[in-house]
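Going line by line, the protein sequences match chains L and V.
Residues 1 to 189 in this note's numbering are what the first sequence lists, from first letter to last.
Residues 1 to 190 in this note's numbering are what the second sequence lists, from first letter to last.
For the record, the hints were derived by calculation from the structure and aren't laboratory data.
Given the structure is predicted, the values throughout are model-derived calculations rather than measurements.
We put the beta carbon where it would ideally sit given N, CA and C, even for glycine.
Worth double-checking, as some hints may not be accurate.
[What the hints assert, rightly or not] Straight line, CA to CA, 20 angstroms or less: simulated SDA-like cross-link-like pairs of lysine to any residue:
| id | chain 1 | residue 1 | chain 2 | residue 2 |
| --- | --- | --- | --- | --- |
| 1 | V | K34 | L | K169 |
| 2 | L | K171 | V | E123 |
| 3 | L | K169 | V | T56 |
| 4 | L | K171 | V | K34 |
| 5 | V | K34 | V | T56 |
[To be verified] Distance windows between CB atoms, simulated:
| id | chain 1 | residue 1 | chain 2 | residue 2 | range |
| --- | --- | --- | --- | --- | --- |
| 6 | L | D95 | V | M150 | 31 to 37 angstroms |
| 7 | V | M112 | L | A27 | 39 to 45 angstroms |
| 8 | V | L50 | L | H66 | 51 to 57 angstroms |
| 9 | V | K162 | L | Q148 | 38 to 44 angstroms |
| 10 | L | K110 | V | T29 | 38 to 44 angstroms |
| 11 | V | S47 | L | N127 | 35 to 41 angstroms |
| 12 | V | P31 | L | A158 | 25 to 31 angstroms |
| 13 | V | M112 | L | S119 | 44 to 50 angstroms |
| 14 | L | A80 | V | E26 | 52 to 58 angstroms |
| 15 | V | T86 | L | N113 | 22 to 28 angstroms |
| 16 | V | Q25 | L | A108 | 35 to 41 angstroms |
Next come the chains, spelled out residue by residue.
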Amino acid sequence: MKRIYLLSLWLLACIVLPMKGQAVSQADLLNAERFEHIDSSADSGRGDGKYLDLSSVKPVTAPNGHRRIEAVIYVSMPAANMIQGLSVQYDYQIDRSLRHLINAHDKALKQGNKIPYISIWRTKQGNSGITGTVNDGGTYYNNGQNRQQRIYAENLKAMILPADFGDEKYKLPNLLYQKAYDIAYDDEP
Amino acid sequence: MVQRILMLALVLLAFTMPTEAITLQELQTSPQFKLVHTRSMNGPMASGGLYIYLNTYSIEATHYAPPQYSLRGTYYVVIDTDYQSTIEEKQLTVDYDTNYSLATLIHSSHMMNPSPSTLALIEASESKSGLSLVDVAVAKYSFDGAVQQMQYRNDMRKFPLKRNNTIMYGIAEAMFMAAYQQHFDDIVVQ
Chain L
1 MKRIYLLSLW
11 LLACIVLPMK
21 GQAVSQADLL
31 NAERFEHIDS
41 SADSGRGDGK
51 YLDLSSVKPV
61 TAPNGHRRIE
71 AVIYVSMPAA
81 NMIQGLSVQY
91 DYQIDRSLRH
101 LINAHDKALK
111 QGNKIPYISI
121 WRTKQGNSGI
131 TGTVNDGGTY
141 YNNGQNRQQR
151 IYAENLKAMI
161 LPADFGDEKY
171 KLPNLLYQKA
181 YDIAYDDEP
Chain V
1 MVQRILMLAL
11 VLLAFTMPTE
21 AITLQELQTS
31 PQFKLVHTRS
41 MNGPMASGGL
51 YIYLNTYSIE
61 ATHYAPPQYS
71 LRGTYYVVID
81 TDYQSTIEEK
91 QLTVDYDTNY
101 SLATLIHSSH
111 MMNPSPSTLA
121 LIEASESKSG
131 LSLVDVAVAK
141 YSFDGAVQQM
151 QYRNDMRKFP
161 LKRNNTIMYG
171 IAEAMFMAAY
181 QQHFDDIVVQ
């Protein structure tokens, strides 16, 4: 019985553990030294949009042929008096970078295998090589206070995923990769 | 004399007859129809499939001035579900500009020193594909070729085609391939 009680306490702790990132306010997000605004065509230009916490970008262990990066992203919605924090992990499959696929295509072409260029784009559209996971989330008011609001995991994911090729949500993981490794993911040979 | 006039009238009538209705069997068996897209539907609303056939014999070049090309052709959208069994005949006019083909973009990127990031290449390929089209519905048939009433208006405006619109891009690509035996995106403008 005691074991079950301890196990439930541990599980509860896992559920209510705060996000790895800190609570932030709208004013904090405008500090360009700490946060980078991610350009998006959907932004109104009134402080809304996505912000990358520059200090949170961290490469983590990954299997062979992959690279993984963790970061915290804030989605600001001033009109709704809400800032959504997301702790994400992206996985990058190196042999699916665009440069790698173009090099492989050109090599095959020299060997007489004529594969159309559009097939590279279709391959990337089928699987961009980048997958993301939202591990945690926190919700705040514009002034940085915690906001007790239940947000469904699916809605959190939809803010930044999936990282489909050519889509706006594809630029963000590429930017993260560049910050971590000084090269864009799609420039990996 | 009357007999000759009647014969001539019959021959003329045969040449001025409107487009023949098409049946599903013709689309599936005649070599002039190329299956360019299939999608199976297994949802709660309907199950079945969507098939697109390009009439390769219908393709005509309306403009040829490389690197610009224009082609016009007919394609058929077959919807075969529990609720709908129709063939829609459509006429597609596509303008192609190989200044924006992937081969041209990649070649230009290789020529630059230092070579720009592939992110610039992705952005260039997504912002403009070099293809624009006008898509017009012509007729609607049941699977046995009986003409059905169409209930919508055609939009005759030309609109740019993006590479992520895989269905329309695939039809436009198949038209180019049928006309010139090479992929649009493989042509390099030096």
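Quickly compare the C-alpha distance for L/K169 and V/T56 to 20 angstroms and report which way the hint goes. violated, 38 angstroms
C-beta pair L/A80, V/E26: status relative to the range 52 to 58 angstroms that was hinted: Taking Cβ atoms as reference, L/A80 and V/E26 lie about 56 angstroms apart, which means the hint holds.
Taken at face value, is the distance from the CA of V/E123 to the CA of L/K171 at most 20 angstroms? Roughly 10 angstroms between the alpha carbons, so the hint for L/K171 and V/E123 holds.
Within 44 to 50 angstroms or not, the Cβ separation of V/M112 and L/S119? violated, 24 angstroms
Is the hinted pair V/K34 and L/K169 satisfied, with a Cα-Cα distance of at most 20 angstroms? violated, 35 angstroms
Could you grab the alpha-carbon distance between L/K171 and V/K34 and see if it respects the 20 angstroms cut-off? violated, 37 angstroms
Distance restraint hint 35 to 41 angstroms, applied to the beta-carbon atoms of V/Q25 and L/A108: Taking Cβ atoms as reference, V/Q25 and L/A108 lie about 39 angstroms apart, which means the hint holds.
Given a hinted range of 51 to 57 angstroms, is it respected by the beta-carbon distance of V/L50 and L/H66? Given range 51 to 57 angstroms: violated, Cβ gap about 36 angstroms.
Hint check for L/A27 and V/M112 - Cβ pair distance inside 39 to 45 angstroms: Given about 42 angstroms between the Cβ atoms, the range holds.
State, for the Cβ atoms of L/D95 and V/M150, whether the hinted interval 31 to 37 angstroms holds or is violated. violated, 48 angstroms
Kindly confirm whether 35 to 41 angstroms is satisfied by the beta carbon distance between V/S47 and L/N127. violated, 27 angstroms
Take the C-beta atom of V/P31 and the C-beta atom of L/A158, compute their distance, and say whether it sits inside 25 to 31 angstroms. 46 angstroms Cβ-Cβ, so the 25 to 31 angstroms window is violated.
In summary, the numbered hints that this structure violates are 1, 3, 4, 6, 8, 11, 12, 13 and 15.
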